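There are 2 protein chains.
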Amino acid sequence: MAGDQKDQSRRVLLTGIRKAGRIARVDLAHDTGISAATVTTTTADLINEGLIEETPRSVSEAGQKRGRPRVDLKIRGQAHLVAGMKLSSHSISSVITDFEGMVLAEHDYPMRNIAFSPSDLTDHISQALQQVSAQAGIDQTNLSGLGIGMAGIIDGQNGFAYWSPTLTERNVAIRDMVSTQTGLNVFVDNDANLVAMAEQYFGHGRGISDFLVVTIESGVGMGVVLNNEVYRGARGCGAEFGHTKVHLDGALCRCGQRGCLEAYVADYALLREVSLGTDTIAGQDSAERLQILIDAAKNGDRTAETIINRAGRMFAMGLANLVNIFDPQLIILSGERMQFDFLYADDVIESIRRSTVQVDVPPPEVVIHKWGNMMWAMGAAAYAIEGVSKTAVRKGVEIAS
Amino acid sequence: MAGDQKDQSRRVLLTGIRKAGRIARVDLAHDTGISAATVTTTTADLINEGLIEETPRSVSEAGQKRGRPRVDLKIRGQAHLVAGMKLSSHSISSVITDFEGMVLAEHDYPMRNIAFSPSDLTDHISQALQQVSAQAGIDQTNLSGLGIGMAGIIDGQNGFAYWSPTLTERNVAIRDMVSTQTGLNVFVDNDANLVAMAEQYFGHGRGISDFLVVTIESGVGMGVVLNNEVYRGARGCGAEFGHTKVHLDGALCRCGQRGCLEAYVADYALLREVSLGTDTIAGQDSAERLQILIDAAKNGDRTAETIINRAGRMFAMGLANLVNIFDPQLIILSGERMQFDFLYADDVIESIRRSTVQVDVPPPEVVIHKWGNMMWAMGAAAYAIEGVSKTAVRKGVEIAS
Numbered sequence: 001m002a003g004d005q006k007d008q009s010r011r012v013l014l015t016g017i018r019k020a021g022r023i024a025r026v027d028l029a030h031d032t033g034i035s036a037a038t039v040t041t042t043t044a045d046l047i048n049e050g051l052i053e054e055t056p057r058s059v060s061e062a063g064q065k066r067g068r069p070r071v072d073l074k075i076r077g078q079a080h081l082v083a084g085m086k087l088s089s090h091s092i093s094s095v096i097t098d099f100e101g102m103v104l105a106e107h108d109y110p111m112r113n114i115a116f117s118p119s120d121l122t123d124h125i126s127q128a129l130q131q132v133s134a135q136a137g138i139d140q141t142n143l144s145g146l147g148i149g150m151a152g153i154i155d156g157q158n159g160f161a162y163w164s165p166t167l168t169e170r171n172v173a174i175r176d177m178v179s180t181q182t183g184l185n186v187f188v189d190n191d192a193n194l195v196a197m198a199e200q201y202f203g204h205g206r207g208i209s210d211f212l213v214v215t216i217e218s219g220v221g222m223g224v225v226l227n228n229e230v231y232r233g234a235r236g237c238g239a240e241f242g243h244t245k246v247h248l249d250g251a252l253c254r255c256g257q258r259g260c261l262e263a264y265v266a267d268y269a270l271l272r273e274v275s276l277g278t279d280t281i282a283g284q285d286s287a288e289r290l291q292i293l294i295d296a297a298k299n300g301d302r303t304a305e306t307i308i309n310r311a312g313r314m315f316a317m318g319l320a321n322l323v324n325i326f327d328p329q330l331i332i333l334s335g336e337r338m339q340f341d342f343l344y345a346d347d348v349i350e351s352i353r354r355s356t357v358q359v360d361v362p363p364p365e366v367v368i369h370k371w372g373n374m375m376w377a378m379g380a381a382a383y384a385i386e387g388v389s390k391t392a393v394r395k396g397v398e399i400a401s
Numbered sequence: 402m403a404g405d406q407k408d409q410s411r412r413v414l415l416t417g418i419r420k421a422g423r424i425a426r427v428d429l430a431h432d433t434g435i436s437a438a439t440v441t442t443t444t445a446d447l448i449n450e451g452l453i454e455e456t457p458r459s460v461s462e463a464g465q466k467r468g469r470p471r472v473d474l475k476i477r478g479q480a481h482l483v484a485g486m487k488l489s490s491h492s493i494s495s496v497i498t499d500f501e502g503m504v505l506a507e508h509d510y511p512m513r514n515i516a517f518s519p520s521d522l523t524d525h526i527s528q529a530l531q532q533v534s535a536q537a538g539i540d541q542t543n544l545s546g547l548g549i550g551m552a553g554i555i556d557g558q559n560g561f562a563y564w565s566p567t568l569t570e571r572n573v574a575i576r577d578m579v580s581t582q583t584g585l586n587v588f589v590d591n592d593a594n595l596v597a598m599a600e601q602y603f604g605h606g607r608g609i610s611d612f613l614v615v616t617i618e619s620g621v622g623m624g625v626v627l628n629n630e631v632y633r634g635a636r637g638c639g640a641e642f643g644h645t646k647v648h649l650d651g652a653l654c655r656c657g658q659r660g661c662l663e664a665y666v667a668d669y670a671l672l673r674e675v676s677l678g679t680d681t682i683a684g685q686d687s688a689e690r691l692q693i694l695i696d697a698a699k700n701g702d703r704t705a706e707t708i709i710n711r712a713g714r715m716f717a718m719g720l721a722n723l724v725n726i727f728d729p730q731l732i733i734l735s736g737e738r739m740q741f742d743f744l745y746a747d748d749v750i751e752s753i754r755r756s757t758v759q760v761d762v763p764p765p766e767v768v769i770h771k772w773g774n775m776m777w778a779m780g781a782a783a784y785a786i787e788g789v790s791k792t793a794v795r796k797g798v799e800i801a802s
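If you read the protein sequences in the order shown, they are chains E and R. Using my numbering, read the first sequence as starting at 1 and increasing by one per residue. Using my numbering, read the second sequence as starting at 402 and increasing by one per residue.
Incorrect hints may appear among the rest.
Said to hold, decoys possible - Derived lysine-lysine pairs resembling BS3-like cross-links, with alpha carbons at most 25 Å apart:
1. E:K19 with E:K74
2. R:K699 with E:K6
3. R:K771 with E:K6
4. R:K420 with R:K699
5. E:K390 with E:K6
6. E:K390 with E:K298
7. R:K407 with R:K791
8. E:K370 with E:K390
9. R:K771 with E:K19
To be verified - Covered stretches of chain E (in silico footprint by chain R; criterion: 3 or more residues with CB under 8 Å from a CB of chain R, positions within the stretch not fixed):
10. 82-92
11. 185-192
Claimed, not checked - Far from chain E, some chain R residues (derived; all Cβ distances over 12 Å):
12. I554
13. D611
14. T645
15. E674
16. E751
Keep in mind the hints are simulated off the structure, nothing from the lab. This one's a predicted model, so the numbers in the text were calculated from it and none came from an experiment. Backbone N, C-alpha and C fix where the C-beta goes; we use that ideal spot for every residue, glycine too.
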């Protein structure tokens, strides 16, 4: 279908411009492999729609000696405003950015519970949206899109939550519910996929066509970028890592199955073992108890060491399997909590290398990238930017600057 | 780079024609998303180069009432002859096909050993090539390409064997050695990748954009097709499944590591357990001993059952992990040996389903496809056809018909 091809060119060119920041048409054609003629016509469309704009290149920058001044193309920040949200166990982290990804406001909306009914969660999202919009000094009707990242098995294509720890029900058409309530274009995906997108747009993944992001919070998530695209699988629920099995008939997982990676490395998995070894840390919250466990291991407590060591080795085994399967250029280990440092330890990384198929070329680079919920929200904003770019419904909103 | 884009269009169009068999230009444009203008110019080039040809469509077939007769495009079988080879532990299976994949000759070349020095293996390949060429009644200089599939960690891009059970040395530039000796364009890849390509060209994978092929012979192999391309990873050695770990510090594998899937399901893994349980089957060859083990399990021998059951459950666990990670449309279990039927048993397939993340949509289809070495060789021929299509060096060879 010719329409598909045109959409594809638009998308490749927009992404190329976004990645480059500022770029001349001739370089854009070179970088993307799209013909100069198509670059000319497509970028003219994009300028007309207000998604990109021309910007003069200074002579010194261009190193140009004569002829007419060259112009670069750049994303037009004012083209669209979007919101991005990360749903966590007790809060919603939100950002509002312009079309270039410049942050206008950040907001953290606290929630009392971990899981909600679909309508309660929709209400919370709606309130969080109002608050972050107010903080940015805009009306939420000025937003062109809302991206939402949430844990669980999410079909991003349809914004459908097969299962999420944030929801008390299965099979929720969460995108459509939020869209109806807010009146916005809504884009929902698995949160780890959106961390991958954040890395691709703003982080270590820029310019890398194939990489994996593994996230550790209360669960273990994964985002996979192959050939510059987030990989989602046939039913939209691929790239599942936390519930891959690392032990036949192994430890019981929250998901009801046995031997999942999460059942060995997540906080609850560690803490249920602590309760066997010692009862001195009862009564604290889970983060505090986990810290006590880790400190005990550092101080030579044998039981604590035994617990922590196995978690690290199971995590390394799971990562080594990913290296064998994907042979990626780069693995980004991404997590908010300093607590999980023991999973990023040198001996864990070394253990990954020892457990992969041995070939006489360097193994993939492993990068540790710690960041907070706001960067997850930035991934959701990037997803909204991508969604808005595809639909290309220009709302003609201008930011008062 | 505009050249890349042109190559890409050529390749997409050739593949589109190959898949369709016979197809009108207008339908080709529709199916591939390539503009009618590009289809016209590119197919004109391909006709000039002799890679494709026009063929009249009969009126009844086209259902056409008036106007000038429409023509279809098809691959021109006589354009090129290629050879495909599968290197096995004691033989080389070869085919010669035309550019449409029509088989002109099949040949099986026996070898005394399992592993060879690079120069000895090159000699064997060269002799196998002479024999299959003689059988086809052609001179091997009439071949445009030779595709070779071999087990191990192979960088297909560079035809480089990091490690192969068929070679006594590591890091062998096997493509270049065979090319020098035979004077042909040679294309070498991991054999399971080429089974995936055979499924894509000739088998269950036709028209499926994303699928996995898992092969079981003496080892466990995998080929991954994503977005219509065989996935190879950053260093060319991705899609490794047999050496993913299914047990921390588990059974010793031939590769020197512990807990690899192969160390639980390959023939040697089963037979080393047999030697603990009973010595009544010593002195037979491994295929016979394996059959005795399987028969014993069927007849209720407890030790044999214990051995076979664990292999099946470990295999299911590994496959379930692949489903979680890739969420493919289709998994093809492909193997030559009827002996491994126990791994394809209904309870194994059911166990895969129970071990994947539970969502309320149907799981990926699992298809069992048994075939012999000649079909692996066909995959190698398909690889050669693809390689020749890319290089598009027309040798002007015509088959005497």
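Violated hints, by number in ascending order, as checked against the structure:
Hint check: 2, 3, 4, 6, 8, 9, 10, 11, 12, 13, 14 fail, others pass.
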